[in-house]
Amino acid sequence: MRFEVKVEVSPREGIANPEGSTIERALPALGFVTAGNVRVGKVIHLQVDADSAADAKSLVEDMCNRFLSNPVIEDALVEVREG
Amino acid sequence: MRFEVKVEVSPREGIANPEGSTIERALPALGFVTAGNVRVGKVIHLQVDADSAADAKSLVEDMCNRFLSNPVIEDALVEVREG
Amino acid sequence: MSPAPEDASVHRALGLSDDEYQRIHGLLDRHPNHLELAMYSVMWSEHCSYKSSKIHLKRLPTEAPWVLVGPGENAGVIDVGDDIAVAIRIESHNHPSAIEPYQGAATGVGGILRDIFTMGARPIAVMDPLRFGPLDDPRSRWIAEGVVSGVSGYGNSVGVPTVGGEIVFDETYKGNPLVNVLAMGVLPSERLVLGQASGIGNLAVLLGASTGRDGIGGVSVLASAGFGESSEDADKRPSVQVGDPFEEKRLLEACLELLDEGLVTGIQDLGGAGITCATSETASRGGAGMDVDVTAIHAREENMEPVELMTSESQERMLAIVEPKDLTRVIEISSRWEIEASVIGRVTDNGQLRVLNGFDGEVLASLPASTLHDDAPEYDRPLAPPRDLTERRSKDASQGSADCVNDLLSLLRDPAWVYSQYDHQLFLNTVVGPGNDGTLLRLRHPRTGEETGRGIALSTDGNHRWCHVDPRQGTAMIVAEAVMNIACVGAYPLAVVNCLNFGNPEHPEVMWQLSEAVDGMTEACIAFNAPVVGGNVSLYNETNAVDIAPTPVVGVIGMHPSLSVPPPVIGLPTDASLLVLGQVPEADVSMAGTQWAWEIGGCKDGTLPTFDLAQAVRTAAFIADAVQRQRLVAVHDVGEGGLAVAAAEMAIDSGVGAQINYHNDHISMFNESGGRVLAVVQDELLDAFMTDASEHEVPVREIGRTGGSSLTFGAEITVPLNDLENACRNELPEALGRGTISA
Amino acid sequence: MSCRVGVVRFPGTNCEFDTVDAIHSLGGEAEVLWHGDSSLKNVDAVVIPGGFAHGDYLRCGAIAKFSPIMESINSFAKEGGPVLGICNGFQVLTEAELLPGALQKNAGMKFLCSMQRIDFVSTSNVLGRHAKAGDRLRIPINHFEGNYVCSPEVLNQLEEENRVVFRYVDNPNGSIADIAGICNAEGNVVGMMPHPERATSPLLGSTDGTTLIQSLLIA
Ligand SMILES: Nc1ncnc2c1ncn2[C@@H]1O[C@H](COP(=O)(O)OP(=O)(O)O)[C@@H](O)[C@H]1O
Ligand SMILES: [Mg+2]
Numbered sequence: 000m001r002f003e004v005k006v007e008v009s010p011r012e013g014i015a016n017p018e019g020s021t022i023e024r025a026l027p028a029l030g031f032v033t034a035g036n037v038r039v040g041k042v043i044h045l046q047v048d049a050d051s052a053a054d055a056k057s058l059v060e061d062m063c064n065r066f067l068s069n070p071v072i073e074d075a076l077v078e079v080r081e082g
Numbered sequence: 000m001r002f003e004v005k006v007e008v009s010p011r012e013g014i015a016n017p018e019g020s021t022i023e024r025a026l027p028a029l030g031f032v033t034a035g036n037v038r039v040g041k042v043i044h045l046q047v048d049a050d051s052a053a054d055a056k057s058l059v060e061d062m063c064n065r066f067l068s069n070p071v072i073e074d075a076l077v078e079v080r081e082g
Numbered sequence: 000m001s002p003a004p005e006d007a008s009v010h011r012a013l014g015l016s017d018d019e020y021q022r023i024h025g026l027l028d029r030h031p032n033h034l035e036l037a038m039y040s041v042m043w044s045e046h047c048s049y050k051s052s053k054i055h056l057k058r059l060p061t062e063a064p065w066v067l068v069g070p071g072e073n074a075g076v077i078d079v080g081d082d083i084a085v086a087i088r089i090e091s092h093n094h095p096s097a098i099e100p101y102q103g104a105a106t107g108v109g110g111i112l113r114d115i116f117t118m119g120a121r122p123i124a125v126m127d128p129l130r131f132g133p134l135d136d137p138r139s140r141w142i143a144e145g146v147v148s149g150v151s152g153y154g155n156s157v158g159v160p161t162v163g164g165e166i167v168f169d170e171t172y173k174g175n176p177l178v179n180v181l182a183m184g185v186l187p188s189e190r191l192v193l194g195q196a197s198g199i200g201n202l203a204v205l206l207g208a209s210t211g212r213d214g215i216g217g218v219s220v221l222a223s224a225g226f227g228e229s230s231e232d233a234d235k236r237p238s239v240q241v242g243d244p245f246e247e248k249r250l251l252e253a254c255l256e257l258l259d260e261g262l263v264t265g266i267q268d269l270g271g272a273g274i275t276c277a278t279s280e281t282a283s284r285g286g287a288g289m290d291v292d293v294t295a296i297h298a299r300e301e302n303m304e305p306v307e308l309m310t311s312e313s314q315e316r317m318l319a320i321v322e323p324k325d326l327t328r329v330i331e332i333s334s335r336w337e338i339e340a341s342v343i344g345r346v347t348d349n350g351q352l353r354v355l356n357g358f359d360g361e362v363l364a365s366l367p368a369s370t371l372h373d374d375a376p377e378y379d380r381p382l383a384p385p386r387d388l389t390e391r392r393s394k395d396a397s398q399g400s401a402d403c404v405n406d407l408l409s410l411l412r413d414p415a416w417v418y419s420q421y422d423h424q425l426f427l428n429t430v431v432g433p434g435n436d437g438t439l440l441r442l443r444h445p446r447t448g449e450e451t452g453r454g455i456a457l458s459t460d461g462n463h464r465w466c467h468v469d470p471r472q473g474t475a476m477i478v479a480e481a482v483m484n485i486a487c488v489g490a491y492p493l494a495v496v497n498c499l500n501f502g503n504p505e506h507p508e509v510m511w512q513l514s515e516a517v518d519g520m521t522e523a524c525i526a527f528n529a530p531v532v533g534g535n536v537s538l539y540n541e542t543n544a545v546d547i548a549p550t551p552v553v554g555v556i557g558m559h560p561s562l563s564v565p566p567p568v569i570g571l572p573t574d575a576s577l578l579v580l581g582q583v584p585e586a587d588v589s590m591a592g593t594q595w596a597w598e599i600g601g602c603k604d605g606t607l608p609t610f611d612l613a614q615a616v617r618t619a620a621f622i623a624d625a626v627q628r629q630r631l632v633a634v635h636d637v638g639e640g641g642l643a644v645a646a647a648e649m650a651i652d653s654g655v656g657a658q659i660n661y662h663n664d665h666i667s668m669f670n671e672s673g674g675r676v677l678a679v680v681q682d683e684l685l686d687a688f689m690t691d692a693s694e695h696e697v698p699v700r701e702i703g704r705t706g707g708s709s710l711t712f713g714a715e716i717t718v719p720l721n722d723l724e725n726a727c728r729n730e731l732p733e734a735l736g737r738g739t740i741s742a
Numbered sequence: 000m001s002c003r004v005g006v007v008r009f010p011g012t013n014c015e016f017d018t019v020d021a022i023h024s025l026g027g028e029a030e031v032l033w034h035g036d037s038s039l040k041n042v043d044a045v046v047i048p049g050g051f052a053h054g055d056y057l058r059c060g061a062i063a064k065f066s067p068i069m070e071s072i073n074s075f076a077k078e079g080g081p082v083l084g085i086c087n088g089f090q091v092l093t094e095a096e097l098l099p100g101a102l103q104k105n106a107g108m109k110f111l112c113s114m115q116r117i118d119f120v121s122t123s124n125v126l127g128r129h130a131k132a133g134d135r136l137r138i139p140i141n142h143f144e145g146n147y148v149c150s151p152e153v154l155n156q157l158e159e160e161n162r163v164v165f166r167y168v169d170n171p172n173g174s175i176a177d178i179a180g181i182c183n184a185e186g187n188v189v190g191m192m193p194h195p196e197r198a199t200s201p202l203l204g205s206t207d208g209t210t211l212i213q214s215l216l217i218a
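Chains as they are written, first to last, in numbering that gives the first Met the number 0: chain A, 0 to 82; chain B, 0 to 82; chain C, 0 to 742; chain D, 0 to 218.
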C-alpha cells in the first residue's frame, strides 16, 4: 500500500534557533507587533510503500534517525496518511 | 488572546525541489527502496495575539503573502491553535 | 553564600580530582560553594588550562623581532611591515563535530574568528585541516559531509573566505574526526588590543547573542571525554551548540567599529567556560578584579541558574571593557548592528572575581580571579615510548605487492569537492587559492585597502602516518612540508601555529608522542627561523579506548616580498625538462609512514627515511627566491604519495603528460623522503638555473621531459591522463555526492 | 566618466567593499549606502552587492526587501536609474519584484564557488555598452541559491523581449534555460549571479568583469 508521510523536523527545546530569532527581530519593522516566539523547522513530505501504516511509520522513523534529522538537536514528528 | 500558529511553506507543485530530489536520490543507497516523491519545505511556528482565531489566521496569512513565503515558488498553509 | 558541598561526589562529577579540590580549598582557605566549584572545574579543565601539555609547550621557540604577541593571548600577532600586523590562530573542534558535524564545524569557525577580531583584526582567511574515518564507512561519510557543509554554511555566510585546508581519510579517525580551523586577520599595528580589563570602575559589556543553556558543562564533558558509539552519547547531546553566522557577522562589524572609534580598553571573546573565563581572564590580565551581576546577563531561556549563566558556552558573544563615559556610544553602535549589549560587570581593585545577584545584591561567589588561570594544576604526566618501539622500527614497509599503475590511481584525490563549497575569493585577495600548494593572498592595508605589493602565504599540514612511525621526525617533516608549500608560491616563513591532536594523555605512550612532537616542531621551527605564535591542544581523541595516531597539525604563515605577477602554476607546460630539487633519497629509501605502505602495502611501521632539515631549509629558500624572480614555469612540492603523485597532479592540472626516467618501481615512485620539489624551468635558462642551484647547495636532477597524453615511468609503466584525471576527480564526488546538476 | 555608484550594505552583506574597490580601480566613485537610510545620496547608479543580507534567513532577500533603502531604490529604478544586483543582490531584486522569477537552491544542493564561463546574450541593458552579444566571459560564481526559476510565461517573455542577459556555458546550478542574469523590460535593472567584481585584476585570474562595471560607470 502507498502511504503519504509527513515529517516535521523542529529544533529541540533549548537549542538556539537563529532563523526564528532573526525573523522575530524583523517582524516589528514590518508592522507585525503582536507576533513572537518564532521557531523555524523543516517539513518533509514523502510517499512510502508498506504493508501497514505502522510499518510505514517505523520505516520513516528509521529514516529520521539515520539522516532526515539529527536527534542531537532536532525532534522529528512523523505522521502517516493513506495515500 | 494568544494563539499558536503553524505555517507550512512547501514548494509549489511543478516547481523543482532540489532538496527533495537530493534526498530522493540518496534513499536507495541507504536501503530505502520503497520511498519516493520527496518534497522538502519549511515549518514556522509562532505565537500571535489576536481577538479571535479567525483574526489570528488572517494576520498570519497576511504575513505569508508579504513575507513568509514566496508565491513564485511556494505555497503556504496556516493552522491556528489556541495557545 | 550557599553552604559548602560536603560530598566528594560533587567535585568528582564536575571532573575535578580530590587533589584539585584540596588545591581549591587551599586557595580559598575555605570550602568552595557549588558555583565556585563549577567555575574552577571549567577553568581547570584540560580544554581551558592545558594542564597536561603546558609543561611541554614551554619548550617551543616563540620569539622573533617580528612577533608582537606570542602564545597565550587569543591569537598570535606578527608585524608584517607598513604598519600592518597579522593575527593568526588555530583551534580544534573535534569532539563537538563527532556528534553534530554541521554545527560542530560551524561553531568551530565562529570561535576561531572571534579569537581574531578580539585582537582588533579583521579576519580575512580561514583554513580547515580536516580528518575523517575511511570513505567506505557510512558514519564517517556523514560526518565528512556535515563538517564540510558546516564550514561552508558558517564561513561563507559570516563573510570570511576559506582559502585552504586539508582533507584526509583514515581508519584512525573513525569515531573521532579531527576538525581543526585556522583563521588569519589583518589590523593596523596601532590598533592592537589585548584582552585585559583595567581602569577601576570601567564596565564589562556583554555583546551579542543571548545566553542559553548551550554547552553547559560542555567544556569539561565535551572537550575532555572520548566517545564510544554508546548510549552515553545521548546524555551529552543537549550541550550541542548551534552557530549563527549572521549574529557573528553583525558582532564582528560592531566590534571592529568600536575598536576603530577607540571605545574599548580591552576586549575578549567568549569561548570555553563562557563568562567565567572571559571575566576572570580579562581581570587577571589587567591585574584587576571584577564584579559580575548575573541578573544583567541577557538570557535566552527563563529560570537560568547562576551556574548556567556563568559557564554557558553560547556562541557569538564578546566581552568589551568600556569606560563609563563611552557607554552611550557603545550602545549606539551595537544597536545599529542589532547587537544586544548589557553591562554585566565592573572592574574592581581587589583582584576578586565576584558573582553577584544584582550589583548590590547577594554575593554568590568570590574568588581571586587569577587563581582560575595561574593556579590551574600542571601535570607532568608519565610518558614512555611504546614498549615494542624497537621491533616496530625494524619493520620493512616496502613489502607488499605493488601494481604501480593502479596504486598510483588509488593514491590520487582531488579536494576540489571540498573547497568549491567554500567562498575562497571574498576580499579580492586570493592570488593562489585552494587546489595548489600554499595559498597566496595579496597583502593590503586594512584601513585604506592600498596594495603593499607584497603577499601573505599560508599552508596547513599534518601527517599522522609519519608521526605514528616517528612523532619527532614526523613533526619536523610536516613543518618542512608546510614551508615548502609556501615556498612554491614564493614566500618565506614568518611564523607557525599548531594544533596538537592526540589521544588520551593518561596513556604514557600518548604523552611521549606529544613530547616528541613538540621537540620535532621545535627543531624545525628553529631551523626555519619561524617561531610558534599560537596553538591549541586537543587530547582524549580516542574511540573505545583506542587512541588516534598522533596528529600534530601546523599552519605556516609566510611573506612574499614582491608580488606583481601570479606565481607559477602547478600544471606542466609541454616539451620542457622536469626537475626534482632538494634532498636526494638513498637508493634503498625506507617506505615507512608512506601513504603507499599504509593503504596498499599494509605496513604502518618501520623507520622514517633520513631527513636532512638543513637541506630542506636551503631548498625552500632557493625555491621561494626562484619563484619571486619568476624563474620557474611550474612548481609543485612532493608530499604524500611521493614523486609519482606529485607528477600526476601536475599532469592532471594542465592536461599535459610527461616521461619520467629512473622512477620505475613502487619505492622510487611512492617514497615520501622529505624536502623535495618538482619544477620546470625554461630550457634556455636551465644551465644558469643549475649553476645557481649548485651554488646554493641545492641538488637538482633532471628526471624527464614533459608532453604527451600520458604519464610514463621508465619503460614499462604508462598511465593515460584520462585515467589519472578520472581517478583523481571522481573519488570524493562519488563517495560524498556530486553537488553539481549532472548528479 | 566619473560616475558615483551607491553600493548598498545590509547587515550580512559582505561584498560591498570588494565592489567599491572594483569601481575605484576602474576610475569610478563609490559610496556605501546603509540599508536603514532612505537617501540614495544622489548617486548615478546603484549596486546591490553579494553576501548574506539578514543571514539569508527565511529566504535570500526576503527580509532585505523591507529595508527603507529598498523603497528609494524602487523609485530610482522606476525613473530609469541603473540598478545592478550581484548574487545576493539579484536575489533581493527578485524578492522586491524589480525582476521576475526567483532563485532556488542549486540543483546539486551544494554551495558552489568556482570560475564559470558565461555568454553575453543580450547587450541592450546597462551592462552591455562595451560588449556585443555572443561575447564569452570568465567570471566566478559564489552561491547556494542561484538556480533561477520562473513560470513558462515569464520565461517566454524574457526570451522574446531579449531580457536574458547572461547564460552559463556549463550550467552549474540547474537554472532554467541556463540563465545567469536577466534584466527588466527597460534594461536599467540587471540581476546576475556571477560576481564581476571578482574578475577585475590579472592577479585574481580574470579581468572579464571590468567591461560590465565600466558599462555601469558611464550611466
Ligand atoms: N578541507 C579543505 N579546505 C580547503 N582547501 C583544501 C581542503 N583540503 C585540501 N584543500 C586544498 O587543496 C590543495 C591540496 O591539498 P593537499 O593535498 O593537502 O596539499 P599539500 O599536500 O600540498 O599540503 C591545497 O591548496 C589545499 O589548501
Ligand atoms: Mg603541496
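Be careful, since some hints might not be right.
[Stated by the list, open to error] Here are a few chain C residues that sit away from chain A, every Cβ distance over 12 Å (derived from the structure):
{"no.": "1", "residue": "V9"}
{"no.": "2", "residue": "D18"}
{"no.": "3", "residue": "I215"}
{"no.": "4", "residue": "P244"}
{"no.": "5", "residue": "E337"}
{"no.": "6", "residue": "T347"}
{"no.": "7", "residue": "A586"}
{"no.": "8", "residue": "I702"}
[What the hints assert, rightly or not] Pairs of lysine-lysine residues, derived as DSSO-like cross-links and limited to a Cα-Cα distance of at most 27 Å, are as follows:
{"no.": "9", "chain 1": "B", "residue 1": "K5", "chain 2": "A", "residue 2": "K41"}
{"no.": "10", "chain 1": "A", "residue 1": "K56", "chain 2": "B", "residue 2": "K41"}
{"no.": "11", "chain 1": "B", "residue 1": "K56", "chain 2": "A", "residue 2": "K56"}
{"no.": "12", "chain 1": "B", "residue 1": "K56", "chain 2": "A", "residue 2": "K5"}
{"no.": "13", "chain 1": "B", "residue 1": "K5", "chain 2": "A", "residue 2": "K56"}
{"no.": "14", "chain 1": "C", "residue 1": "K394", "chain 2": "C", "residue 2": "K173"}
{"no.": "15", "chain 1": "A", "residue 1": "K5", "chain 2": "B", "residue 2": "K41"}
{"no.": "16", "chain 1": "A", "residue 1": "K5", "chain 2": "B", "residue 2": "K5"}
{"no.": "17", "chain 1": "B", "residue 1": "K41", "chain 2": "A", "residue 2": "K41"}
Rather than coming from a laboratory, the hints here were simulated on the basis of the structure.
Treat the numbers as computed from the prediction; the structure is a model and nothing was measured.
Glycine is no exception: its CB is placed at the ideal position from the N, C-alpha and C atoms.
To see whether the hints hold, each was checked on the structure:
A cut-off of 12 Å between C-beta atoms confirms that V9 (chain C) is not in contact with chain A; the least separation is 24 Å. No Cβ of chain A approaches the Cβ of D18 (chain C) within 12 Å, the least distance being about 34 Å, so the stated non-interface status holds. Distance check for I215 (chain C) against chain A: the nearest CB is about 10 Å away, which does not clear 12 Å, and the non-interface claim fails. Consistency note on P244 (chain C): stated as away from chain A, yet its beta-carbon is not over 12 Å from all of that chain's, at 8 Å minimum.
Not every beta carbon of chain A lies more than 12 Å from that of E337 (chain C), the smallest distance being close to 7 Å; the non-interface claim is violated. At the 12 Å boundary, the C-beta of T347 (chain C) stays outside the reach of chain A, the nearest C-beta of that chain being 32 Å off. Distance to chain A confirms A586 (chain C) as a non-interface residue, since its nearest Cβ pair spans about 52 Å, more than 12 Å. Consistency note on I702 (chain C): stated as away from chain A, and its beta-carbon is indeed over 12 Å from all of that chain's, at 48 Å minimum.
With a C-alpha separation of about 12 Å, the suggested pair K5 (chain B) and K41 (chain A) falls inside the 27 Å cut-off, and the hint holds. Note on K56 (chain A) and K41 (chain B): the hinted pairing holds, with a Cα-Cα distance of about 21 Å set against a maximum of 27 Å. For the given pair, K56 (chain B) sits about 31 Å from K56 (chain A) by alpha-carbon distance, which is inconsistent with the 27 Å threshold. About 22 Å separates the Cα atoms of K56 (chain B) and K5 (chain A), which keeps this hinted pair within 27 Å; it holds.
Restraint check: the Cα-Cα separation between K5 (chain B) and K56 (chain A) comes to about 22 Å, which is no more than 27 Å; the hinted pair holds. With a C-alpha separation of about 25 Å, the suggested pairing of K394 (chain C) with K173 (chain C) holds against the 27 Å cut-off. At most 27 Å may separate the alpha-carbon atoms for a hinted pair to count; K5 (chain A) and K41 (chain B) meet this at roughly 12 Å. With a C-alpha separation of about 14 Å, the suggested pair K5 (chain A) and K5 (chain B) falls inside the 27 Å cut-off, and the hint holds.
At most 27 Å may separate the alpha-carbon atoms for a hinted pair to count; K41 (chain B) and K41 (chain A) meet this at roughly 4 Å.
Violated hints, listed in ascending order, are 3, 4, 5, 11; each of the other numbered hints is respected by the structure.
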